[in-house]
Amino acid sequence: MTTTLPAYDEVVARYEPVIGLETHVELGTNTKMWCGCPTDFGGEPNTRVCPVCLGLPGSLPVANKAAIEAIIRIGLALNCSIAQWCRFARKNYFYPDMPKNFQISQYDEPICVDGYLDVEVGGETVRIEIERVHLEEDTGKTLHVGGATGRIHGATESLVDYNRAGIPLVEIVTKPVVGTGALAPEVAKAYVTELRDVIRTLGVSDVRMEEGSLRCDVNTSLNLPGQEWGTRTETKNVNSLRSVERAVRSEMLRQASVLDAGGRITQETRHFHEDTGDTTPGRSKETATDYRYFPEPDLVPVAPDPAWVAELKAALPELPRVHRRRLQQQWGLSDLDMQSVLNAGAVELIEATVAAGTTPAAARKWWLGELSRRANESGVELADIGATPAQVAELQGLVDAGKLNDKMARTVLEGVVDGEGSPTEIMTSRGLEVVSDTGALTAAVDEAIAANPGIADKIRSGKVAAVGALVGAVMKTTRGQADAKTLRELILERLGVQG
Amino acid sequence: MAAISREEVAHLARLSRLAVTEEELDTFAGQLDVILQAVAQVGEVAAADIPPTSHSVPLTNIFREDVVTPCLTPQEALSGAPDAEDQRFRVPRILTEDVAS
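Protein sequences appear in the order of chains G and H.
The first sequence runs 1 to 499 under my numbering.
The second sequence runs 1001 to 1101 under my numbering.
Quick caveat, the hints were computed from the structure, so don't treat them as lab data.
Check before you lean on any hint, since a few could be wrong.
[Said to hold, decoys possible] Chain G is nowhere near these chain H residues, computed Cβ spacing over 10 Å in every case:
| no. | residue |
| --- | --- |
| 1 | Glu1007 |
| 2 | His1011 |
| 3 | Asp1026 |
| 4 | Ala1046 |
| 5 | Pro1070 |
[Claimed, not checked] Pairs of lysine to any residue, SDA-like flavour, derived with a Cα cap of 20 Å:
| no. | chain 1 | residue 1 | chain 2 | residue 2 |
| --- | --- | --- | --- | --- |
| 6 | G | Lys65 | H | Val1091 |
| 7 | G | Lys100 | H | Ala1084 |
| 8 | G | Lys476 | G | Glu489 |
| 9 | G | Lys365 | H | Glu1076 |
| 10 | G | Lys65 | H | Pro1074 |
| 11 | G | Lys141 | H | Arg1014 |
| 12 | G | Lys100 | H | Gly1080 |
| 13 | G | Lys458 | H | Ser1016 |
| 14 | G | Lys141 | H | Leu1012 |
| 15 | G | Lys65 | H | Asp1083 |
| 16 | G | Lys141 | H | Ile1062 |
| 17 | G | Lys141 | H | Ala1002 |
| 18 | G | Lys313 | H | Leu1072 |
| 19 | G | Lys65 | H | Val1067 |
| 20 | G | Lys141 | H | Pro1082 |
| 21 | G | Lys458 | H | Glu1085 |
| 22 | G | Lys100 | H | Arg1093 |
| 23 | G | Lys100 | H | Leu1059 |
| 24 | G | Lys141 | H | Leu1018 |
| 25 | G | Lys65 | H | Ser1016 |
| 26 | G | Lys100 | H | Ala1013 |
| 27 | G | Lys100 | H | Ser1079 |
| 28 | G | Lys485 | G | Ala443 |
| 29 | G | Lys141 | H | Val1045 |
| 30 | G | Lys100 | H | Arg1014 |
| 31 | G | Lys65 | H | Arg1064 |
| 32 | G | Lys100 | H | Leu1012 |
| 33 | G | Lys65 | H | Thr1053 |
| 34 | G | Lys100 | H | Pro1082 |
| 35 | G | Lys365 | H | Ala1013 |
| 36 | G | Lys100 | H | Ser1016 |
| 37 | G | Lys141 | H | Val1067 |
| 38 | G | Lys100 | H | Val1067 |
| 39 | G | Lys141 | H | Val1091 |
| 40 | G | Lys141 | H | Asp1066 |
Every residue, glycine too, gets a C-beta built ideally from N, C-alpha and C.
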């Protein structure tokens, strides 16, 4: 589509978006879903495989109890009903990422159904309804060779590594989310963020989008107000929280431009591109894929004991939303201030900085100020900015001890972000310590007074405000390495004037 | 009426990547029809109070503990592969079907 895209404001004034999210979470169990092969990320190709996950004849899968427990806990945290009896199903398809020619999944009997997750966007709570949460196995990794770019188009062969095949994978599907209007992209991002935080709190996955342990597909459609929902597209390859928001937004703009021109939306899979922020079509789904699901004959049904489920429910940890409420009270923040902390992805960072010995106000100042600015400039998540809560706490400690003034602290923080070392190391290596040696400072003050007799007289005669000029002069000779407040007091003292 | 049509057999053959000739389609459609009609007789004796079953043994909740067991070596894993490269299974590229999940 080479036509100019309409403005976002115009799009949301004319159309209503409907979004839906399918999220896959790789569980952090020790072993795979059906066999005892380890699940660690990476590893030499085909070193974590056995007859079961290679689908060799005669091998039989046995469900991993820890994975069943993990998905029930996820379902409970998402306010789902837990099925009293359910089965796994074979999803048949012809692609070499599974050696068996099928994937064991769940079809019409998911283990968790009908839940919800409340997320906060723009100070409002939006309830995202959860359709289902089911358990399946991850696929192997294919590498396409023979082509110029390593992409499947033009490739002549695929090389397959089955280390990932069989790792337990939880799929969480929302019901269609309607009525969010212009906020749809933000709601999508807020949902995936909240889901990630919930799952991390449960400790069942490391939920890292960049390593693929959290993956998200985004369904988007547009319709005219009061009319039926439009045809939806499914956007894949959305690999960061920022991209979730960008993908929905870019797809809304693209669809609006097609509809405005009188065109039809094709139901298709589209691929998101991190670099350009737009989507390109994959293969269209004109022929519905026929997966020929049937109950998995090699596995017995799962019938969770209600007493076990009740026990798991009682033992759920404090969930992020509740936790945030508590932090908000402890930090004394308004709803609006807390929302900006949340939007910046800074809740855990501030919490950890406070835990490292800093006041909530100081921690919030650094994370929402300098560090958020740098993160925005570089287009990365705040958590990936390169400064740790411990370093921020150390920096504030140096400020509190009077060793760094505010301006110097910002310079040191730049160094931390750029990977130059710890705040103390950078302070030393850049020679950035506040001049607190009163002898040296006094000499500089006396020099400034002697060089500016007119200003000194003014101050002596009561115009204390003029002291700023002398502070500036001393700052210049000490290259900004003096504490302004100390300096002011010292100048007045040397002139025999009461501050 | 036949329990399975010639078109359905052709569709299944395509999904299974089986090259089936026109004559074979006729033969298999007839044979599969006989099998399906025989199996359908079970449906006639199953009363409404008999739930469909996918297992011959009424078992539930067979789990294993989350404990690592030894893997195959890559050499063992690849020993039955038609072809291998860089310690990976080497297969012709597949473009025509959708990928799971």
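Evaluation of the provided hints:
no., hint, result
1, Glu1007, "13 Å, holds"
2, His1011, "7 Å, violated"
3, Asp1026, "22 Å, holds"
4, Ala1046, "16 Å, holds"
5, Pro1070, "8 Å, violated"
6, G/Lys65 with H/Val1091, "34 Å, violated"
7, G/Lys100 with H/Ala1084, "17 Å, holds"
8, G/Lys476 with G/Glu489, "17 Å, holds"
9, G/Lys365 with H/Glu1076, "57 Å, violated"
10, G/Lys65 with H/Pro1074, "27 Å, violated"
11, G/Lys141 with H/Arg1014, "25 Å, violated"
12, G/Lys100 with H/Gly1080, "14 Å, holds"
13, G/Lys458 with H/Ser1016, "96 Å, violated"
14, G/Lys141 with H/Leu1012, "27 Å, violated"
15, G/Lys65 with H/Asp1083, "35 Å, violated"
16, G/Lys141 with H/Ile1062, "29 Å, violated"
17, G/Lys141 with H/Ala1002, "42 Å, violated"
18, G/Lys313 with H/Leu1072, "38 Å, violated"
19, G/Lys65 with H/Val1067, "10 Å, holds"
20, G/Lys141 with H/Pro1082, "18 Å, holds"
21, G/Lys458 with H/Glu1085, "85 Å, violated"
22, G/Lys100 with H/Arg1093, "17 Å, holds"
23, G/Lys100 with H/Leu1059, "24 Å, violated"
24, G/Lys141 with H/Leu1018, "26 Å, violated"
25, G/Lys65 with H/Ser1016, "33 Å, violated"
26, G/Lys100 with H/Ala1013, "18 Å, holds"
27, G/Lys100 with H/Ser1079, "16 Å, holds"
28, G/Lys485 with G/Ala443, "17 Å, holds"
29, G/Lys141 with H/Val1045, "47 Å, violated"
30, G/Lys100 with H/Arg1014, "18 Å, holds"
31, G/Lys65 with H/Arg1064, "6 Å, holds"
32, G/Lys100 with H/Leu1012, "17 Å, holds"
33, G/Lys65 with H/Thr1053, "23 Å, violated"
34, G/Lys100 with H/Pro1082, "15 Å, holds"
35, G/Lys365 with H/Ala1013, "65 Å, violated"
36, G/Lys100 with H/Ser1016, "13 Å, holds"
37, G/Lys141 with H/Val1067, "24 Å, violated"
38, G/Lys100 with H/Val1067, "23 Å, violated"
39, G/Lys141 with H/Val1091, "13 Å, holds"
40, G/Lys141 with H/Asp1066, "23 Å, violated"
Going down the numbered hints, you'll see the structure goes against 2, 5, 6, 9, 10, 11, 13, 14, 15, 16, 17, 18, 21, 23, 24, 25, 29, 33, 35, 37, 38, 40, while the others check out.
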